[in-house]
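Asks: Those sequence lines, one after another, are chains A, B and C.
Here the first sequence is numbered in the numbering used here, starting from 7 and rising by one per residue.
Here the second sequence is numbered in the numbering used here, starting from -14 and rising by one per residue.
Here the third sequence is numbered in the numbering used here, starting from -8 and rising by one per residue.
Hints are supplied without guarantee of correctness; some may be wrong.
Claimed, not checked - In silico DSS-like cross-links for lysine-lysine, where the CA-CA straight-line distance does not exceed 30 Å:
hint, chain 1, residue 1, chain 2, residue 2
1, B, K69, B, K145
2, A, K88, A, K113
3, A, K223, B, K330
4, B, K364, B, K330
5, A, K113, B, K58
6, C, K220, A, K107
7, C, K146, A, K251
8, C, K146, B, K58
9, C, K127, B, K140
10, A, K171, B, K248
11, B, K248, B, K209
12, A, K107, C, K296
13, B, K140, B, K116
14, A, K113, C, K146
15, A, K223, B, K58
16, B, K140, A, K171
17, A, K251, A, K88
Hints were generated in silico from the structure; no laboratory data involved.
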Amino acid sequence: MLRPATQCSVVLLFLALVFPCSSPALDLPALIREVETRYQGVSSHALVIMEIETAHWKRSLELESWSEGRDRFLARILAPAKEKGVATLKIANEVWNYLPKVDRVMKIPPSMMGGAWMGSHLTNDDLVKAHRIDEDYTFALLEEDDAGWLIEARPRPEAPVVWGKLVYRINRTPFVPVQISYFDEEMIEVRQIHFDRVEQIDGRWIPRRMLVNPLEKEERTVLLYQNIEFDLPLPPQLFSVRSLKRN
Amino acid sequence: MMSLLRLAWSNLWRNRRRTWITLAALAFSIMLVQTSHNLSTGVYSQMIESGVRAGSGHLTVYRGNYLETRDEKLGFNPQEFSEKLKSIEAVETVLPRIYLAGLAQSSRESRGIVLSGIDPLLEQSINPILKRLPASSGLPDMASRQALVGDRLLKELQLKEGSKFVVTLQNRQGEMVSELLRVHGVVHSGIRHLDRSLVMIGLHRAATLAGMPDEVHELALILKNGLGNETPAAEIAALLPGDRGLRLYFWDEAMTNLANAIKLDYASQQFMFLIILMIVTIGVVNTLLMAVMERTREFGTILALGARASVLHRMLFLEALILGALGLLLGTFFGSLATWYLVEKGIDLQNWIEGELEFGGVVFEPVMRAVWEPLWMLKIGIYVLSLCILASLYPAYRAGRIVPAESMRK
Amino acid sequence: MLWQMAVRNLWRNWRRTLLTMSALVVSVALLILSLGVFSGMFADMLASATQQYHGHLVISRQGYQDQRQLHDTILYDPHVVEQLHATRDVLGISPRLRGFGLLSRDEQTQPAELLGIEPGRERQVTSLHEKIVAGKFPAEMLGSWIVLGRGLADKLEVNPGDELVFVTQAADGSIGNDLLRVLGVFDSGDFNRDNSLALVSLAWLQQLLVLPERLHEISLSISAPMEAKPVAKQLAMQLPESLEVVDWGRLLPEMQEAIASYDVSRLILVLILYAAAGLGVLNTFFMSVLERVREFGVLLAIGMKPSSIRNLVLLESLVMGGLSLLVGSGLGVLMTLMLSGDGIDLSRWMTAVTYAGGTIPPRLRAELVTDNLLVPSVTLLLVSLVSGYLPARRASRLRPVAALRGD
């Protein structure tokens, strides 16, 4: 539960918010925003399989998730049966969990925001800080070729991020992220997120698979998008503590 | 009366060796009791001083039941009265502090912490934890992002001096807020849970982050001469606005652990004093009784010559008094000598123990020093003197009951 | 012959004999009592270090005590437990499993450490069952009960009978969560522990964490806690190499320092007490022999050998010393026993004292230890012999005439 925090903006990819598809230009913040919002829409609804491997166990979860804007996100476990119905709700900076077995909603206290989210290599804090990438970083182009771009994101001097820098590798056509590397202040690579299995879904190119690798351990989390749809109407009360309980 | 005194005096010195031995025992015990009292009083006040300086001051202002609940909502704005408090003659300084529970994250780990906001300049002149830092590593100012981090926490977060980390907490408005901080210095208090959770930054930054600008949780008052009879507690309490639930606490209310540790230690010491004094009393009773028995024949003669028993009583009483007074003088002399040494040189415990000395949750200096407590020394002297006089009662009674004829037959 | 003479001497001067003996009796008795009190405080400190949580020795997987990793478990093997029970010095054995997670009730959620125990066995190792301030300590293991620290109970706003939710990540990565019913609240006096620790059923926690038959540690209490280190070493040799046996000194290094410093200051106090008592005895014995210089002169004059005189005095001292020691140590033991048990309660003046990670109850309590009997007795007997012998030797060397003059 008290897994080391590995905070990043990765969940953004997993959440979703639409950003109008623009032509790849050298407006770097726009480029990154675009990558970060690849999976997003005004709203989204997805079916995801999350496979987690640690030194001690390996498991697979089936999740259904909804998002609206940057601030609202709901995920519910469909399988395995033991955890069916366990749900997470994020509204702005706060996170609640619903536990069907005991029929209780729990708000995550600040001191536990570093805890692993549903046992994965993402933390509750990742959910909360997901949307801040363009506020917290400045960007520089490292390489550009026919295949794509290599962009370095440096945190602004006072931004509350633990990383020394992030490096994005982005593919030109189709326009999708390939890899994000997380470095600490001594520029040692600490974590990698890798994207592959690019397919066209609902009119846009989406990497179906996302791998989260903490580099100092033999562990990883894999997210497999089974299905994802965008811009669908969602009932407004979906993102509320009350609806967490309902299935 | 004078002649009786002279008689008692010469009686005592008739058996010089016995008198010296008894005197030695008396003086030795007085010296021990006086010295160890002075030493422990010195050590206690050392502990209290470093305790209040690292902790919550000689006197502390809290709002409501903050002391028990540590409810972060119980902040208060000290602006209107803290200057007035500072201007009180006996007050050395007033330390504003804020304590916030939160999460610290590095690129590797995260830990629950207590973020404390302090006034670095004021604090560094007072707080022994900060005083130990090299001069250059004090916090720059009230709004700085530079933080002092407990050494264990630093290790657990895999941080180094200069590296950054992020602190997250829930502010007054219930929102999660994060702040980038940098490790400016490493502090070591010697108290494990502190070293594992302590992050200190400038008060303004902490208060702003917590959404309670200008507020504090604790106002620690350091007094120039420590606590004493002239502590202006009433004067200070009168300066606090009456309508905001603010209350002034003495250090022993705010730091019960330290106060109790000292009380417990002192209780066991007093128990020991009691034992020593009992042993001494028995010794004096013995000496006097033996002196009486030795002089049975002599007393018998005196009585036979028509003296009243009360004369004998008085003489023995005077003997005890002289013995006690001499013991007191000698003992106090040596007690003062020992105290003087312990005041000047002290006992360096580092020769015996490695690492820090923690007592009642406070780390204290390893050199134990005594202080002068002349009144107490006098008090113990008077105790011993009274004990001597008490000890003469039974022997005097025995001497008075000597039957002249019987005693002379021996 | 000498023996008879000694007894006759003592008997003839029974007042002086009693007087001399009384000094020794009182000194021995008081010395035994105060040593007993020191031992009692020492035991309280030691107990505070070990009986509140850790126990004297802890067996766990190598490295578990530093990292507390969920997966560093050991098998709960009843055979090993039996073997441990049969080991000399081992008094109690408590198998434990530990889980960190969130305890929640309504709006309140708090991080907590849950310790899965078998109540009957845990009682043999720690004293938390004596610290219950509300509700009760469980009688049996089964059930989803929880006994939590007072601070934690206050923060969660729960009382005995209330329900709590615990949620954590189980060993298979799944989300473990279940309801617990508050059975009791303990107040160990240690603020940090009372704010974070809760006890639950071992079987319940094994199931929740999906660690069937597994333990994190086996905590032991032994008969001689100060000997924990050698016992740990000895046990470690019997156990597989993957396991380590950690003594309380390693788990609580600050406490070990505190105890060491207490030991130093106790040593100083004991020396002072011995000096005071020894001086008292010396005083009395010395004087009682000095008084008799004239008598020795007579004996010398009628032809007794100086060595006989010395032996006579020695014998007399020995008889007096022996008798007084019997009475004195009897008295001392009696007083010590009166102060053992709960001792003198000081809770009107102070609350429990947290001291280097342990908590000392506010009391003056004595404890009977054989060393506290033997050492003072033998020491004071020696003092009395020497202080009788020295003046006797001097007297026996005098020429009879000088002695008769009563120098």
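Asks: So, for every hint listed, does it hold in this structure?
Replies: Against the structure, the hints come out as follows:
1. Restraint check: the Cα-Cα separation between B/K69 and B/K145 comes to about 41 Å, which exceeds 30 Å; the hinted pair is violated.
2. Annotation: proposed proximity of A/K88 to A/K113 holds, straight-line Cα distance about 21 Å (limit 30 Å).
3. Distance hint between A/K223 and B/K330 is unfulfilled; the C-alpha atoms sit about 55 Å from each other, more than 30 Å.
4. For the suggested pair B/K364 and B/K330, the alpha carbons sit about 25 Å apart, so the restraint of at most 30 Å is met.
5. For a cut-off of 30 Å, the pair hint linking A/K113 to B/K58 stands: about 19 Å separates their Cα positions.
6. In summary, the hint linking C/K220 to A/K107 is not supported, as the alpha carbons are separated by about 46 Å, beyond the 30 Å threshold.
7. Taking the CA atoms of C/K146 and A/K251, the gap is about 25 Å. The hint holds against a cut of 30 Å.
8. Restraint check for C/K146 and B/K58: the C-alpha separation of about 14 Å stays at or below 30 Å, so the hint holds.
9. Between the alpha carbons of C/K127 and B/K140 the distance comes to roughly 40 Å, so the proposed pair goes past 30 Å and is violated.
10. Between A/K171 and B/K248 the alpha-carbon distance is near 55 Å, which puts this suggested pair outside the 30 Å criterion.
11. In summary, the hint linking B/K248 to B/K209 is supported, as the alpha carbons are separated by about 24 Å, within the 30 Å threshold.
12. Between A/K107 and C/K296 the CA atoms are separated by roughly 99 Å; this puts the pair beyond 30 Å, and the hint is violated.
13. Taking the CA atoms of B/K140 and B/K116, the gap is about 22 Å. The hint holds against a cut of 30 Å.
14. For the suggested pair A/K113 and C/K146, the alpha carbons sit about 15 Å apart, so the restraint of at most 30 Å is met.
15. Proximity of A/K223 to B/K58 is assessed by CA-CA distance (about 41 Å); at most 30 Å being required, the pair is judged violated.
16. Under the criterion of a C-alpha separation no larger than 30 Å, the hint pairing B/K140 with A/K171 is consistent with the structure, at around 22 Å.
17. Between the alpha carbons of A/K251 and A/K88 the distance comes to roughly 16 Å, so the proposed pair stays at or under 30 Å and holds.
Hint violations for this structure: numbers 1, 3, 6, 9, 10, 12, 15, all remaining hints satisfied.
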